[in-house]
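Participant: This is what each chain is made of:
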Amino acid sequence: MTEEKNDGKKDENEPAESFPTRAFDVIVLGTGLAESLIASSASKIGKKSVLLLDANDHYGNSFGTLTEARGTDETLFKGWSVPVCLTRSGAVLETHDVVTIDDDECLLASLRRKFSVDVAFKFSLGDDRLTEEVCNSEAYKYLEFKTLEKSFVCVGTSDGKTNGKKGEFEFVPVPASRAEIFENARLSPTEKRGLMRFLKKARDVALEGTGVNYGRGDDANAPIGAPGTEYTLDAEREDEGTFFANDGDNNSSSSSSKNTSMKAFLMESPNDLSEITSDAVAHCVSFCPSVTTKLRGRASEMLITYIRSMGKYGPETPQAGLIPLYGSGEVAQAFCRVAAVSGAITALRQPIKKIERKNSESHIEVLTKGGRVLTCKKLVLGDAQGDIEMVGFANDEIITPNRRESSKFCINRAVLVTNRSMVGSDEAQHRVFVAIPPAARPGKLYKDEDEFVCFATQLDYSSRCCPKDTFIVHLCQKSRRTVPLQDVFADILDNIFSKVKQNGEETKKPTILWGTSYRTPDVDDDIVESFKSDDFVKFPGADCNVTFEETVRLARSANGCLFGDDANASSLSFDTLPLFPKAPQKGEEREEEEEVTGDGETIDLNEDEYALLRDL
Amino acid sequence: MASAKSSNKPFDVLVKLLLIGDSGVGKSCLLLRYSDDKFTTSFITTIGIDFKIKTIDLDQKKVKMQIWDTAGQERFRTITAAYYRGAHGVLLVYDVTDETSFENVRNWMRNIEAHASEAAKVCLIGNKCDCEDSKRKVTKERGVALAKEFGVPFFETSAKSGLRVEEAFSSMARRCVGESKTNNNNSNNSGGGGTVRLRETAKGGSKSSCC
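Here the protein sequences come in this chain order: A and B.
Counting with full-length UniProt numbering, you get residues 1 to 616 for the letters of the first sequence.
Counting with full-length UniProt numbering, you get residues 1 to 211 for the letters of the second sequence.
If you are wondering where the hints come from, they were derived from the structure by calculation, not from laboratory data.
A portion of the hints provided could be inaccurate.
Here are the computed lysine to any residue pairs in the SDA-like style, where the Cα-Cα straight-line distance is at most 20 Å [claimed, not checked]: (1) B:K38 to B:S161; (2) A:K114 to B:S161; (3) A:K192 to A:P270; (4) A:K114 to B:K38; (5) A:K114 to B:D133.
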């Protein structure tokens with residue numbers, strides 16, 4: 001590891017041995033989620049020879065953890081005096097030292113084991129693409145999840161009442177069951193009916209064709225969408241096609257619906273939901289990162305995925321969101337292990353100098369900075385692999401740093417360690433998701449931007465990301481590059497958190513014990529609808545979404561292009577085929593946990609590898 | 001979920017152990033010897049072995065040992081941090097006929113300190129002690145001294161002959177069992193319901209969707 005660079009042990013950073021230089025079927029450069037998915041699938045399902053390299057000394061890149069990654073480039077706390085209450089052992093100190101950016105490296109290093117801070121925190125849903133891949137790939141053996149307990153949408157309350165004071169936020173719980181809708185005092189009777197009607201329709205669409213059989217329909221506490229709720233018993237069903245105003249038809253309103261945002265769709269007739277309710281559905285259920293996110297495609301699909309995910313794992317877990325234990329960085333690592341167990345060779349600290357497509361020999365040559373030449377039939381390139389000279393690639397296959405710089409947008413992230421939950425002390429509200437729409441933020445510093453939503457996810461001790469009695473809050477929001485980083489979250493910090501424990505006086509607000517913020521490139525411009533070549537794909541790194549969905553979608557699409565038999569693979573719509581097909585049911589005894597062992601067949605080394613190892 | 005699990009629990013304690021050390025020191029051979037009482041002289045990498053399960057009786061308790069192998073990821077020092085999650089014990093192995101593997105023990109120890117839980121138990125194992133005297137590069141005394149420095153137990157084993165393999169693993173299990181009781185309590189008290197393990201729970205989902 002880097003902090004041990006100077007201890008005289010030169011071989012610390014050297015590989016224990018050199019990997020074989022024979023030709024590989026697939027070389028994957030980078031260990032982010034999409035790269036790991038491709039590597040593990042090619043190795044396990046495709047039975048290909050796979051070499052998985054990363055230029056960095058840690059797994060995951062933008063899907064990794066901050067404790068191991070670098071990249072804090074600006075401080076969040078401009079003008080703030082931020083107390084550090086964390087010692088090397090993670091215990092709370094009496095004195096408050098002020099963190100400066102220079103301290104970050106050593107603080108992070110010392111807290112490595114106590115905290116698991118993701119560069120780009122994401123969670124999955126019980127029935128989303130990631131969960132499907134985790135189940136089918138056996139990566140479930142390396143992962144555990146906690147449910148996301150509750151979602152909230154923020155409402156600003158500075159409507160004249162708080163004289164001149166910057167708007168305070170109110171956390172409005174997003175109802176997750178029929179009973180919660182009925183009990184919700186905020187909703188008018190008309191709106192309750194409207195919301196119920198909308199969700200019922202959405203649910204009918206969501207469960208169409210799944211063959212799920214719903215039993216009792218009278219359980220008011222059942223989550224909406226959970227098997228057992230009454231909706232499917234209702235004879236009155238809308239046509240699925242008209243629900244999201246799919247495609248042109250003759251419907252006059254549908255021509256414009258293609259460009260309708262999710263939020264507008266909810267607020268307009270016939271849904272007629274209020275702004276708060278629309279925000280709740282658009283941002284806490286569909287996870288739209290912007291108020292302008294279009295209804296068609298991703299947003300409506302996410303709504304359906306969400307509804308399918310609720311109660312998927314039985315009545316004890318009615319929530320849709322699943323948080324990986326130890327943070328979302330574990331997910332990419334789990335797939336790296338799937339690849340390794342299936343025979344892929346993995347090596348970190350392998351910076352690449354040049355990649356060259358040799359059309360005449362129909363392979364791609366990879367030249368490492370160590371001077372080794374490797375060849376492969378297919379190449380996958382992830383983000384954060386340094387400057388690589390690319391020869392023989394089309395312009396649109398190359399993403400240069402310059403192109404990144406010219407992007408209008410960027411993703412802002414902040415990570416806070418706090419001493420109490422931001423939504424009160426309720427036992428069940430520690431792992432929560434909060435959407436803060438622009439409408440709730442009259443106090444924000446940049447007035448001209450009213451588009452992007454701030455997502456806040458709070459994790460507690462039980463998620464194994466932080467020690468007892470602390471919380472980690474991940475903030476994420478897209479913005480224009482011109483907005484200074486410290487302005488993006490300033491009003492949120494002021495409103496929700498308290499800077500210092502003031503003279504022993506307890507505030508109700510959570511105190512920030514430690515925090516950092518950073519900016520990553522917006523990758524939306526780099527995401528392509530289909531990959532063009534069958535020998536090379538490039539992945540852009542973590543996006544601004546709070547779920548893994550888009551990344552898995554991208555990986556599936558890439559996989560189809562690289563390995564699909566179908567000549568039309570690239571014209572297939574994004575994502576259709578899973579990377580890991582559903583394993584055939586091997587009978588009931590496979591279901592018994594104690595039958596699970598982790599061994600497969602052992603593979604004899606080929607002669608090259610044998611020779612290499614013997615030479616050591 | 002916790003209740004469903006405890007109703008027909010085939011074991012009392014679950015212990016997760018890891019094997020760590022340079023490639024070629026015989027980690028997988030130790031594992032295969034212990035779990036299946038097998039030994040193969042042909043040189044195999046650890047490809048394909050994820051973990052092995054062995055249930056033993058210890059003081060009238062059924063202890064289910066889940067022993068994880070490195071899946072070859074030690075070859076280029078690329079063990080994932082995730083490998084260490086939840087481990088109760090780590091068996092750090094070197095090869096008595098390979099000086100470098102012994103020198104690297106310190107690096108592995110740092111790796112363990114950086115990633116494994118503070119409560120995790122460690123033991124040091126010098127494998128291949130069945131070798132001819134002329135081939136031995138690391139004396140038993142040096143192994144003992146290093147283990148003493150780390151404050152961990154030491155075993156010289158032979159996966160080939162089976163010498164002290166059983167002893168090394170079961171002593172590890174014994175040390176971890178006392179520890180894992182408290183560990184289990186901690187995780188149960190952490191609030192917010194149990195953890196969701198997709199495999200166990202997906203059963204329910206797939207059942208309802210296929211009928």
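Participant: For every hint, state whether the structure bears it out.
Facilitator: Each hint tested on the structure:
{"no.": "1", "hint": "B:K38 to B:S161", "verdict": "10 Å, holds"}
{"no.": "2", "hint": "A:K114 to B:S161", "verdict": "41 Å, violated"}
{"no.": "3", "hint": "A:K192 to A:P270", "verdict": "14 Å, holds"}
{"no.": "4", "hint": "A:K114 to B:K38", "verdict": "39 Å, violated"}
{"no.": "5", "hint": "A:K114 to B:D133", "verdict": "45 Å, violated"}
Of the hints listed earlier, those the structure fails to meet are numbers 2, 4, 5, in rising order.
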